[in-house]
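Put together the whole structure using the sequences plus the hints.
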Amino acid sequence: METGSDDVSPKVRTTLAERLVRATRTVDLGGPPPKRIFDQVSIVAIVLDPSLRVVRYNRAAERLFGKPFANVLNRAYAESVPTLADVNRSQVFQRTLALGVPAEVKEVEIKEPRSGVTFYFDFVIDPILGDDAQIAGISLIGLDVTERAKLRHQLTEQNEDLKALQQVSDWLRKTMDLEKAFFITASALTSAEGGYDHAMIFTVDQDREFLVGRSCVDSLKLSEVWGIWRGLTSHDAPLQKSLETMQPVLARRWGELTEMIKQVKVPLNDPKSVLVHALRNQVTVTHRTLDDEPELRVHPAIRQHFELQSFAAAPLMAENEAIGVVLVESRRPREFTPEQLTMLEMFTGQAALAINNGMIFQNVLERAQRDSLTRLYNHGHFQEALRNEIDRAGRYGNPLSVIMLDIDHFKRFNDTWGHQTGDRVLKQTALLLSALVRVTDLPARYGGEEFALLLPQTDYAHAMELAERLRIGVERKVVVSGPKGEKIGVTASFGVATFPKYAEDAAGLVSIADEALYYSKEKGRNCISGAHEVSAQAQETRKRLKEARKTKRLNKPVITQVKSTAVSPPPKKSSASSSRNKRSGKVK
1 METGSDDVSP
11 KVRTTLAERL
21 VRATRTVDLG
31 GPPPKRIFDQ
41 VSIVAIVLDP
51 SLRVVRYNRA
61 AERLFGKPFA
71 NVLNRAYAES
81 VPTLADVNRS
91 QVFQRTLALG
101 VPAEVKEVEI
111 KEPRSGVTFY
121 FDFVIDPILG
131 DDAQIAGISL
141 IGLDVTERAK
151 LRHQLTEQNE
161 DLKALQQVSD
171 WLRKTMDLEK
181 AFFITASALT
191 SAEGGYDHAM
201 IFTVDQDREF
211 LVGRSCVDSL
221 KLSEVWGIWR
231 GLTSHDAPLQ
241 KSLETMQPVL
251 ARRWGELTEM
261 IKQVKVPLND
271 PKSVLVHALR
281 NQVTVTHRTL
291 DDEPELRVHP
301 AIRQHFELQS
311 FAAAPLMAEN
321 EAIGVVLVES
331 RRPREFTPEQ
341 LTMLEMFTGQ
351 AALAINNGMI
361 FQNVLERAQR
371 DSLTRLYNHG
381 HFQEALRNEI
391 DRAGRYGNPL
401 SVIMLDIDHF
411 KRFNDTWGHQ
421 TGDRVLKQTA
431 LLLSALVRVT
441 DLPARYGGEE
451 FALLLPQTDY
461 AHAMELAERL
471 RIGVERKVVV
481 SGPKGEKIGV
491 TASFGVATFP
501 KYAEDAAGLV
511 SIADEALYYS
521 KEKGRNCISG
531 AHEVSAQAQE
541 TRKRLKEARK
551 TKRLNKPVIT
561 QVKSTAVSPP
571 PKKSSASSSR
581 NKRSGKVK
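All residue numbers for the sequence shown refer to our numbering, where the first residue is 1 and numbers rise by one.
Treat the hints loosely; a few may be bogus.
Claimed, not checked - Calculated pairs, EDC-like style, for lysine to aspartate or glutamate (alpha carbon to alpha carbon, straight line, at most 16 Å):
#  : residue 1 : residue 2
1  : Lys411    : Glu449
2  : Lys106    : Asp126
3  : Lys150    : Asp122
4  : Lys241    : Glu384
5  : Lys262    : Asp205
6  : Lys272    : Asp291
7  : Lys487    : Asp423
8  : Lys111    : Glu62
9  : Lys111    : Asp122
10 : Lys501    : Asp391
11 : Lys411    : Asp423
12 : Lys265    : Asp205
13 : Lys106    : Asp144
14 : Lys111    : Asp144
15 : Lys106    : Asp122
16 : Lys427    : Glu449
17 : Lys523    : Glu533
18 : Lys272    : Glu295
19 : Lys487    : Glu475
20 : Lys221    : Asp197
21 : Lys272    : Asp292
22 : Lys106    : Asp86
23 : Lys150    : Glu339
24 : Lys241    : Glu179
25 : Lys427    : Glu450
26 : Lys67     : Glu112
27 : Lys411    : Glu450
28 : Lys262    : Glu179
29 : Lys272    : Glu293
30 : Lys150    : Glu107
To be verified - Distance ranges between label pairs, derived from CB positions:
#  : residue 1 : residue 2 : range
31 : Lys272    : Asp459    : 41 to 49 Å
32 : Glu224    : Thr342    : 21 to 29 Å
33 : Glu465    : Arg367    : 31 to 39 Å
34 : Arg469    : Gln158    : 54 to 62 Å
35 : Pro238    : Arg367    : 13 to 21 Å
36 : Gln91     : Arg173    : 46 to 54 Å
Hints were generated in silico from the structure; no laboratory data involved. Note that the structure is a prediction, hence the values are computed from the model and not measured. Cβ coordinates follow ideal geometry from the N, Cα and C atoms, glycine included.
Structure below.
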């Protein structure tokens, strides 16, 4: 019988598709058919056969991968749905087929083709068994975990930011140097992942009249900057010298940016300034704030040098007092998330403590380095600065000049009109020197009535020109009142020397400038002399000048009183008249 022959016929071979149908069949309990449920569920569902070809593929998968079922059916997944290669990056498909063990792959990043939006999915891979208990394929179930993944990434970034903040705080605690604190703070903001292109620091001046620029750093690599911080905090060398030793290119770039920003002075009474707005209201301001408050503006000097496509300004708060502002900017458009602004505020809060401590330490140091009467730097600081500038000038081949000056007949001020009058002479002379020199120059009270000026990158000719301007300035503008209201004119004598033209080291430079000063005294005072003139003198004359420096045995003529406030230059004494006065012991 045919039926009998069917019963004894060889085993019927089934296709893979038929096995999958039986393996995935369900008991019919009514309701919608299983295929409709499979297609309409919101989770991504895919079935692969043992050869890893796609045999089931629901509509959620079509939407995610942007390919209809007909285009992927019976095709290898790697060819038809290449994104699944990320799911199988650890060969989980093959392992599930071989061992029959379920697997899970978390947070696979998938970009939707049409919108370009990035999603994150968790995939569960299960084996599918046939009626013969053999593995007939695998199923992939994908669950959208985008919100969870974004939150985890956000928490991870915040954790990394907090770690970086802790590290920066540790480095800041290792230094009391204000300039180093500025550099560490600014470079931390530009070196972190996703950092800013520039970070600028402004602080309130001592008179609380201006916000003044203090430091500016551009983008750096985080690994690079850690090494720099370690070098800065391991020894006491000044910031500029330390950077020149470790990173000469960076030192030059940082120096140029910082000098640029130091020219910025924002009046604290400017209601339209973005920086002042952030400082006074103690709030973080961004470029979006300008949309709501169009009257606000960035200082023109900052706009001139920086694009400021996107920026944020956060106040530096120490002990409930605003001491400055940190300005970060990007050349590319970007939006600041609330989390980024919160982290910026946390960072500036930590930096403000270090900067405030540095400012307190600097004030103490300033008192130790400055003369209490004239507020110029004192002898000790001048010598230290001179040694540093000599090293720098020698390294880069730049000239360095020194001007020494001495108030003529200063003892007579004290003896005739009292020490208060002498103090006024010193104060007015110091004010004049500070007003007539450059920011990079260093005026100092060298001792008694003697002053010194350190002039980096200044050659001999320009130093002589400056000395003459200073001599005229002292003669015409330094006028003090005696006890009875009388007006008393002041003059000074000057000596000039330049490294390396006339000296090989700091001691030699001061020595020959001092000789030139006393040569001016011998010439009749109220004049300038340079190292060139001293060098041309005979050995005997130079020996006599050195002795004069040691003993200061010089004639002291009477100082002429000036009857009116407008002081005209006194007539220059002839050398013959000076000689007669010395011989006779009389003073004109």
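- Query: Any of the earlier hints contradicted here, and which numbers?
  - Reply: none
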